[in-house]
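**Q** In order, the protein sequence lines correspond to chains G and Z. With our numbering, letter number 61 in the first sequence gets 61, and the count goes up by one each step, no holes. With our numbering, letter number 6 in the second sequence gets 6, and the count goes up by one each step, no holes.
Treat each hint with caution, since some may be false.
Claimed, not checked - DSBU-like mimics (lysine-lysine), calculated; alpha carbons at most 30 Å apart, straight line: (1) Z:K56 <-> Z:K26; (2) G:K17 <-> G:K57; (3) G:K15 <-> G:K57; (4) Z:K70 <-> Z:K56; (5) G:K57 <-> Z:K70; (6) G:K57 <-> Z:K26.
It is worth saying that the hints were derived from the structure and are not from the lab. Fair warning: this is a prediction, and the values are worked out from it, not measured in the lab.
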Amino acid sequence: GAGVSQSPSNKVTEKGKDVELRCDPISGHTALYWYRQSLGQGLEFLIYFQGNSAPDKSGLPSDRFSAERTGGSVSTLTIQRTQQEDSAVYLCASSWDREETQYFGPGTRLLVL
Amino acid sequence: SQQGEEDPQALSIQEGENATMNCSYKTSINNLQWYRQNSGRGLVHLILIRSNEREKHSGRLRVTLDTSKKSSSLLITASRAADTASYFCATGQGAQKLVFGQGTRLTINP
Chain G
1 GAGVSQSPSN KVTEKGKDVE LRCDPISGHT ALYWYRQSLG QGLEFLIYFQ
51 GNSAPDKSGL PSDRFSAERT GGSVSTLTIQ RTQQEDSAVY LCASSWDREE
101 TQYFGPGTRL LVL
Chain Z
1 SQQGEEDPQA LSIQEGENAT MNCSYKTSIN NLQWYRQNSG RGLVHLILIR
51 SNEREKHSGR LRVTLDTSKK SSSLLITASR AADTASYFCA TGQGAQKLVF
101 GQGTRLTINP
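Given these sequences and hints, build the entire structure.
**A** This is the structure in structure tokens:
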């Protein structure tokens, strides 16, 4: 079956612009996660959705970052007024309710110039 | 902050040899997972071991968990060139976020 998909694959933007990153989880997966992977920082948790609600937003680095999930499916991560330190690979993962294994998408590589 | 710490950071071995990577963590866990990442993109789940398990096998992979030492090891036997990748351990506390280590870069030389 189809895995987790993310778009775009790559995004180059100018400092100060807003960007939207999209994640399509595996059909039926109720849990959805966003992570960020940057050089020297490893993989950092950003936010977790259970259905459409986000019980854990503790990883969002600033109020410039927000995410939403609609219909218990697609999620969008928005970064406003991008900064160069936002450059990273943004990974989305999904899982069945209460299942520990997470299935990752290919990621979006964001470069802020 | 990263909970897991992998050791070594980089490992280079000849094809056919065994590769062992270690992971240490700090807090109590429900499970520990190992993931593989090729070319800095998506992660592939390899194996999950629960806190009440000590050893688990999957094909050429063997994972051990020592909760008293808060450590785990991943052994890949009879390595192949296709095993070249970065390997991450991740700790979970239920079906919520995973906390990843910094990873081990494994290179298999033909």
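**Q** Compare the structure with each hint and give your call.
**A** Structure-based check of each hint:
1. Z:K56 <-> Z:K26: With Cα atoms ~21 Å apart, K56 (chain Z) and K26 (chain Z) stay inside 30 Å; holds.
2. G:K17 <-> G:K57: holds, 23 Å
3. G:K15 <-> G:K57: holds, 24 Å
4. Z:K70 <-> Z:K56: Within the cut-off at roughly 16 Å; holds.
5. G:K57 <-> Z:K70: holds, 27 Å
6. G:K57 <-> Z:K26: Roughly 22 Å separates the two Cα atoms, so the pair holds.
The earlier numbered hints are all upheld by this structure, with none contradicted.
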